[in-house]
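Engineer: So you can see what is in the structure, the chains are spelled out below.
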Amino acid sequence: MTLLDETTPKTAGDMVTAGRASGALPTAPSASRPAAPTSTSIAGALNAALRDALAEDPNVVVFGEDVGPLGGVFRITDALNAEFGESRVWDSPLAESGIVGTAIGMAMYGLRPVVEMQFDAFAYPAFEQITSHVAKMRNRTKGRVTLPIVIRIPYAGGIGGVEHHSDSSEAYYTHTPGLTVVTPSNPADAYSMLREAIRSDDPVIFLEPKSRYWSKDVVALPVQTAPMTRAVVLREGTDVTLLAYGPTVKIALQAADLGAAEGLSVEVVDLRSLSPFDDETVGASVRKTSRAAIIHEAAQFGGYGAEVAARITERNFFHLAAPVLRITGFDIPFPSPKLEEHYLPTAERVLAALDTWEW
Amino acid sequence: MTLLDETTPKTAGDMVTAGRASGALPTAPSASRPAAPTSTSIAGALNAALRDALAEDPNVVVFGEDVGPLGGVFRITDALNAEFGESRVWDSPLAESGIVGTAIGMAMYGLRPVVEMQFDAFAYPAFEQITSHVAKMRNRTKGRVTLPIVIRIPYAGGIGGVEHHSDSSEAYYTHTPGLTVVTPSNPADAYSMLREAIRSDDPVIFLEPKSRYWSKDVVALPVQTAPMTRAVVLREGTDVTLLAYGPTVKIALQAADLGAAEGLSVEVVDLRSLSPFDDETVGASVRKTSRAAIIHEAAQFGGYGAEVAARITERNFFHLAAPVLRITGFDIPFPSPKLEEHYLPTAERVLAALDTWEW
Amino acid sequence: MSQHYFMSDDVVVPTLPTTKPIRLLSEAGRPVTGAQTAGFSMPDSDTLLGLYRAMVLARRFDAQVTALTRQGRLATYPSALGQEACEIAAVAALSPQDWLFPTYRDSIALLTRGVQPAEILASFRGDWHSGFDQREHRIASQATPLATQALHAVGLATAAKLKHDDVVALTLLGDGSTSEGDAHEAFNFASVWQAPTVFVIQNNQYAISVPFSKQSHARTLADRAIGYGMPGYFVDGNDVAAMYAVISHAVARARSGGGPTLIEGLTYRMEAHTNSDDPTRYREKSEVADWLGRDPIDRLEKYLSAAGTLTDEVRESIATDAEALATATRDVMNETPELDPLELFDHVYSAERPALLEQRAFLAHELAETESDPAAEHTEAEMAARA
Amino acid sequence: MSQHYFMSDDVVVPTLPTTKPIRLLSEAGRPVTGAQTAGFSMPDSDTLLGLYRAMVLARRFDAQVTALTRQGRLATYPSALGQEACEIAAVAALSPQDWLFPTYRDSIALLTRGVQPAEILASFRGDWHSGFDQREHRIASQATPLATQALHAVGLATAAKLKHDDVVALTLLGDGSTSEGDAHEAFNFASVWQAPTVFVIQNNQYAISVPFSKQSHARTLADRAIGYGMPGYFVDGNDVAAMYAVISHAVARARSGGGPTLIEGLTYRMEAHTNSDDPTRYREKSEVADWLGRDPIDRLEKYLSAAGTLTDEVRESIATDAEALATATRDVMNETPELDPLELFDHVYSAERPALLEQRAFLAHELAETESDPAAEHTEAEMAARA
Ligand SMILES: Cc1ncc(C[n+]2csc(CCOP(=O)(O)OP(=O)(O)O)c2C)c(N)n1
Ligand SMILES: Cc1ncc(C[n+]2csc(CCOP(=O)(O)OP(=O)(O)O)c2C)c(N)n1
Ligand SMILES: [Mg+2]
Ligand SMILES: [Mg+2]
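Protein chains in written order, with the working numbering: chain L, 367 to 725; chain F, 367 to 725; chain G, 1070 to 1456; chain P, 1070 to 1456.
Any given hint could be a false lead.
[Unchecked claim] With a straight-line cut-off of 16 Å between C-alpha atoms, the simulated EDC-like cross-links for lysine to aspartate or glutamate are:
{"#": "1", "chain 1": "F", "residue 1": "K508", "chain 2": "G", "residue 2": "D1381"}
{"#": "2", "chain 1": "G", "residue 1": "K1354", "chain 2": "G", "residue 2": "E1340"}
{"#": "3", "chain 1": "G", "residue 1": "K1371", "chain 2": "G", "residue 2": "E1096"}
{"#": "4", "chain 1": "L", "residue 1": "K654", "chain 2": "L", "residue 2": "E602"}
{"#": "5", "chain 1": "F", "residue 1": "K654", "chain 2": "F", "residue 2": "E714"}
{"#": "6", "chain 1": "F", "residue 1": "K704", "chain 2": "P", "residue 2": "E1404"}
{"#": "7", "chain 1": "F", "residue 1": "K616", "chain 2": "F", "residue 2": "E714"}
{"#": "8", "chain 1": "P", "residue 1": "K1354", "chain 2": "P", "residue 2": "D1367"}
{"#": "9", "chain 1": "L", "residue 1": "K616", "chain 2": "L", "residue 2": "D645"}
{"#": "10", "chain 1": "F", "residue 1": "K508", "chain 2": "G", "residue 2": "E1096"}
{"#": "11", "chain 1": "L", "residue 1": "K508", "chain 2": "P", "residue 2": "E1404"}
{"#": "12", "chain 1": "L", "residue 1": "K508", "chain 2": "P", "residue 2": "D1196"}
{"#": "13", "chain 1": "G", "residue 1": "K1232", "chain 2": "F", "residue 2": "D623"}
{"#": "14", "chain 1": "P", "residue 1": "K1371", "chain 2": "P", "residue 2": "E1096"}
{"#": "15", "chain 1": "L", "residue 1": "K704", "chain 2": "G", "residue 2": "E1407"}
{"#": "16", "chain 1": "F", "residue 1": "K704", "chain 2": "P", "residue 2": "E1412"}
{"#": "17", "chain 1": "L", "residue 1": "K704", "chain 2": "G", "residue 2": "D1409"}
{"#": "18", "chain 1": "F", "residue 1": "K654", "chain 2": "F", "residue 2": "D583"}
{"#": "19", "chain 1": "L", "residue 1": "K508", "chain 2": "P", "residue 2": "E1340"}
{"#": "20", "chain 1": "F", "residue 1": "K508", "chain 2": "G", "residue 2": "E1205"}
{"#": "21", "chain 1": "L", "residue 1": "K508", "chain 2": "P", "residue 2": "E1096"}
{"#": "22", "chain 1": "L", "residue 1": "K616", "chain 2": "L", "residue 2": "E724"}
{"#": "23", "chain 1": "F", "residue 1": "K616", "chain 2": "F", "residue 2": "D583"}
{"#": "24", "chain 1": "F", "residue 1": "K508", "chain 2": "G", "residue 2": "E1404"}
{"#": "25", "chain 1": "P", "residue 1": "K1232", "chain 2": "L", "residue 2": "E714"}
{"#": "26", "chain 1": "G", "residue 1": "K1371", "chain 2": "G", "residue 2": "D1381"}
{"#": "27", "chain 1": "L", "residue 1": "K704", "chain 2": "G", "residue 2": "E1340"}
{"#": "28", "chain 1": "L", "residue 1": "K704", "chain 2": "G", "residue 2": "E1096"}
{"#": "29", "chain 1": "L", "residue 1": "K616", "chain 2": "P", "residue 2": "D1196"}
{"#": "30", "chain 1": "L", "residue 1": "K654", "chain 2": "L", "residue 2": "D605"}
[What the hints assert, rightly or not] Listing some non-contacts, in silico: residues in chain L with all C-beta distances to chain G over 12 Å:
{"#": "31", "residue": "S405"}
{"#": "32", "residue": "V439"}
{"#": "33", "residue": "G476"}
{"#": "34", "residue": "V599"}
{"#": "35", "residue": "R601"}
{"#": "36", "residue": "T694"}
{"#": "37", "residue": "S702"}
{"#": "38", "residue": "R715"}
No lab work stands behind these hints, which were simulated from the structure alone. Each residue gets a CB set at the ideal place from its N, CA and C atoms; glycine is no exception.
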């Protein structure tokens, strides 16, 4: 307006809620929530995390396809629309680029949108908004505009889904600088990591292993586990490090059991954070065992395991007794329901792969 | 119609031109074209390849943004609209998903569309069509519907482009089963590989290194070089294998010169085909030199170099004297024009990286 | 050169779609006259009888598959119960050489066009992603990524036009899918290229749980046509006579070089979105009951019966055919198709890839091992036995 | 619950945009009366004078930057020469608290809203991707990926609405960009959510080389509005009075809860797309000359001069300001900003990442080496010297 009337308004910037400092974790549980340990599924934990985040911070909003009265096709947003109303949790029109694009504008204004992509492959229409804006806005504006957006994506297979319902798309996001990509493998992490993701000032791709939604643990919510950017050693061992995340953590643990039966001491690391990668935790484990394998469902070629294998090797070459192995999906489109069992990594395949090493 | 009138038409399928057998390479040059060697740029070679393909096969069509009268922003389609007319080479509306999506329908009907994405980052709106259809159609239909589509994408930096004009997006495509991804580094390959891509029954992502468009060689067109799915040893050496593609091949050759000055015998391999990966050629080189490094512009994390490093290591672990190195862009969004020089790999950085090895 | 459209005097002011849906048959099955027909006339009785027969068979098939799905025999099945008028009219309006681009919801359109139950069900029971020969039937695979197939239809229609072939491409779209960018791009490409394409939106008023009021703020989806300079029709999607008349008109228009048309059929999804959906969470039973009273088959049946076209004899013969179809459909599910997991590697590329052959060999080896030792597991006992 | 819109009697039949563009000032600079004003009235003279001043300054800036670009001082610059009426009217119609979502083409809109030349040029001369403080100016970064910013505008407007803040978001769009899926999704989300958004399409009749006739088959882009149930206006984009009146109306409508509006301003891109474009390949010089005769500044100047508002004195003072602006703009290019390559790593994430710090350290080391030995190269001589 200066050229028009020479007055430069300076007020509106203040209307915008500045992003909150990240890093601080919640200390007090929501008053309304008892802390008694109960059997909780990943789905239930995610639902609780959304509920608590909505209750704690009026800037948190949840929208997407069917997340309102239906509660999402996986029921992760169950009852939230009824509890918080249409202005906090609502059904959007059916358009993923629109969902992510409008979330960007909301985040610019100080909201903290949590959006759901209904299935992995249905996030692809939003790829430009994610890659060219969500990932780059902070850098473009020298940190002046941060985008505290969480994009929740149920991913991977194992549920007998028809075509396009079982993609593992993590490699697309982890290769995109500016994104934080995390994935929980158990209910406690599901709760804690989603809370932390929502509290983060950076955009987070939050990958939910859909085949594990209904797997349960006894947890007392709210719970705070390790920071979401850190890997966690789930099981200690000395002979080999199995690296897994999301849906394959269970397989790694099964493989560890099978291995133990063969006298193999297997260390299992749940990566949790795919970007950033926790070089410290992983490096320490690999230097201890001198052997590592990474397990994921996505196709092998150019998959996330390639990065894991490459960086472990770069950083620990002279500690390695054998090449890092990749136990992954094949380099083919995800199969139809009846054939997915032949595609998905199994504990037996992990053991068979370990057998290929010269010990 | 059977339930309506019990007649099941069986004719229309025949109207559809069946995909031609792939693999056969052209033998005779177009009659109209002299074979005298002339100084030819990559841009010129690509233009000639399109012209010859259009002349040879009436099913070839070229469309996209500004590819008509303007000849494309890089002039790769220069004069083709005038020569072949609006029904063979034309400007489409401005929508990349629309361009790829309609190309799919055309290919289903027997055409061989060659479409242009104006810049790398502007292919992202087409990501769903590429990932969920272009890559999967053949598999979905058990080979009954093949999609002989070429998606040309000028990629990478080095031209002082403003934001979104310098992305290296190869890792997104190479991780997607069903796609063939190739990239030439010199005029002869540009011609030969584009001809072969257009002749392929499978969809090809054809990545054009935009900073090299105007680099020239003396070539006689039409030319037929190695099959597009094979890597080529450009320079023989015994101490180390430098792997490069597209814009970084020049850097590898410079590094080889610098290395030679230091008494280092450097073998340079131009990968040419990113998917499939030519394990045979690369493996032979690496087993000879026992050391390898991969150079690319894209960010390192989850970049194409991760796959290269991982598979070389898997397949040649006990031949390797040192970890495979990655000389790549940083894990940041591509910088603004004045800062790109600090981001892009250089021959000096390659040499510095080789210095980090214990020799 | 650029188009100074505002300077030319022959700009055609577009005709808005009607506010009431175009209708030829009242809900009571009586012929409609006057403005609501929008000048369309009743198809002849042979055509109507053919449509009736196809709708009855389609419904029987759909009900049978839904039942099989409830028994857990299929991975999923999106029913088109209540949408038969849209589905069958769309197929009936096409000539043999035309192409159909359906969605997951449109199995009965495939059936009506001659795809066998076994071929249709292959994907829903999880054998392979698509189970029929697209080229044989001129039907694209049933699209799951919403609205993507509309662009394929435009591309195919454009290719046919370029080759001077007499081919029209018709695509079915859901109301929800019109919100996707691809729907817009398809409308726009079709109109700019004057591609012989017909867009039939089945507005069944829900996208899974999301009601149409949250999907669009427009009076009708047919209004979208205005923005692309193409004709748009808002039609009673439960009136098969009207749907057939309007779609046929659009197909003829496309065939004669008149370009694309957008048609919205207002209908209702009587079943859940798929077997795994729970519609009680988002809609009243009364609403469903309400729409039961507007059933497309009932309506035509009343009309044809009153006209004397639908005799008891014909009705019975159709019923018999329908039962035979249901039996054939059940039989399909009693056959266990031989699936070869190794085929997973065979259709990814036309050319062989050494790395893929390695993976194929790995699986072949694994399968052979399992076969030779079906109980094989890495158990302690087994290890001990082996040692 | 689902919307049985065809059953309700109070459906509003949409009003089609006019076929001739809305106009308040004739090309000769005389006030227009009658139908072509569509009921809009002439802004007051103070406003018009303000618009005039802003247009003159904007044009001077634009010309200066184009000249600097021709000298190779900038990486690129997309000129808005000839589009000043659209650009300045859009900015002038906004209140301070409103947000603007511009594209690469809209630098003069930024200038008019108070962004300093140095801040605008930072991105075009290649210093950093965006050079101004978005929040200070309530202006988003100039968007390059076409139509993406329209969704950001809708999102921001929705957030403001949810917070009950009095904020309108206006986005500028090119004619070509309306073909993108994102444009459609933005129109639809805005109308379904009744977001206080104003979409201003500058139809400059070209998308780089592609004329509007290859972009749309509709009569006007304003016709798109019908399909979203929002008002659409087709306006003479070289008539700043009309653009200001219509945009102000739309902003007021949005502010009062009336939802979004779509406005098409018909204008012309007088310059090449950017400095690297060659428009002789795709358009006639005569066409450009033609549009020179419809210049938006001339038109207003004639009107204001005739009305006595624009005295020689005022004209001179504006000219002086314009020259001062041009000088300031040149001065910007004479300063060499200090760029710290290490800053490349500082804004990617809010939290530190160890691996990124390693890369930062690598570059710091490399920079330090080059600094200490500016001629450093891996030459044989150097190697020998080191040894
Ligand atoms: C791109 C994309 N996003 C989301 C989905 C998930 N999905 C499948 S069906 C559906 C609803 C579609 O509604 P509509 O278009 O009205 O068709 P209907 O199911 O009612 O026939 C959704 C959201 C999808 N298949 N594709
Ligand atoms: C998604 C996307 N595709 C392609 C481009 C390349 N591109 C930049 S400007 C332009 C033309 C835009 O035309 P229009 O929308 O009319 O705006 P104008 O330049 O005329 O102001 C194109 C194709 C882009 N920036 N973004
Ligand atoms: Mg629907
Ligand atoms: Mg334009």
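Engineer: Would the hint linking G:K1371 and G:D1381 be met if the CA-CA limit is 16 Å?
Structural biologist: Holds. G:K1371 to G:D1381 sits at ~13 Å (cutoff 16 Å).
Engineer: Grab the minimum beta-carbon distance between L:V599 and chain G and tell me whether it stays above 12 Å.
Structural biologist: L:V599 is indeed farther than 12 Å from all Cβ atoms of chain G, at 23 Å.
Engineer: CA of L:K704 to CA of G:E1340, is that 16 Å or under?
Structural biologist: violated (26 Å)
Engineer: Within a Cα-Cα threshold of 16 Å, do F:K654 and F:D583 meet the stated pairing?
Structural biologist: violated (30 Å)
Engineer: With a cut-off of 16 Å on the C-alpha distance, tell me whether L:K508 and P:E1404 pass.
Structural biologist: violated (21 Å)
Engineer: When you check the alpha-carbon spacing of L:K704 and G:E1407, does it fall within 16 Å?
Structural biologist: Cα-Cα ~11 Å, so holds.
Engineer: With the threshold set at 16 Å, check whether the alpha-carbon distance from L:K616 to L:D645 stays at or below it.
Structural biologist: violated (22 Å)
Engineer: Non-interface claim for L:G476: all C-beta distances to chain G beyond 12 Å?
Structural biologist: holds (25 Å)
Engineer: Mind checking the alpha carbons of L:K654 and L:D605 for me, to see if they're no more than 16 Å apart?
Structural biologist: holds (8 Å)
Engineer: Hey, G:K1354 versus G:E1340, does the alpha-carbon distance stay inside 16 Å?
Structural biologist: holds (11 Å)
Engineer: Would the pair P:K1354 and P:D1367 pass a check requiring their Cα atoms to be no farther apart than 16 Å?
Structural biologist: Outside the cut-off at roughly 20 Å; violated.
Engineer: Over 12 Å from every CB of chain G: does L:R715 meet that, or does the non-interface label fail?
Structural biologist: Since the minimum Cβ distance to chain G is about 8 Å, L:R715 lies within 12 Å and the statement is violated.
When each numbered hint is compared with the structure, violations occur for hints 1, 5, 8, 9, 10, 11, 13, 18, 19, 21, 22, 24, 25, 27, 28, 29, 32, 36, 37 and 38.
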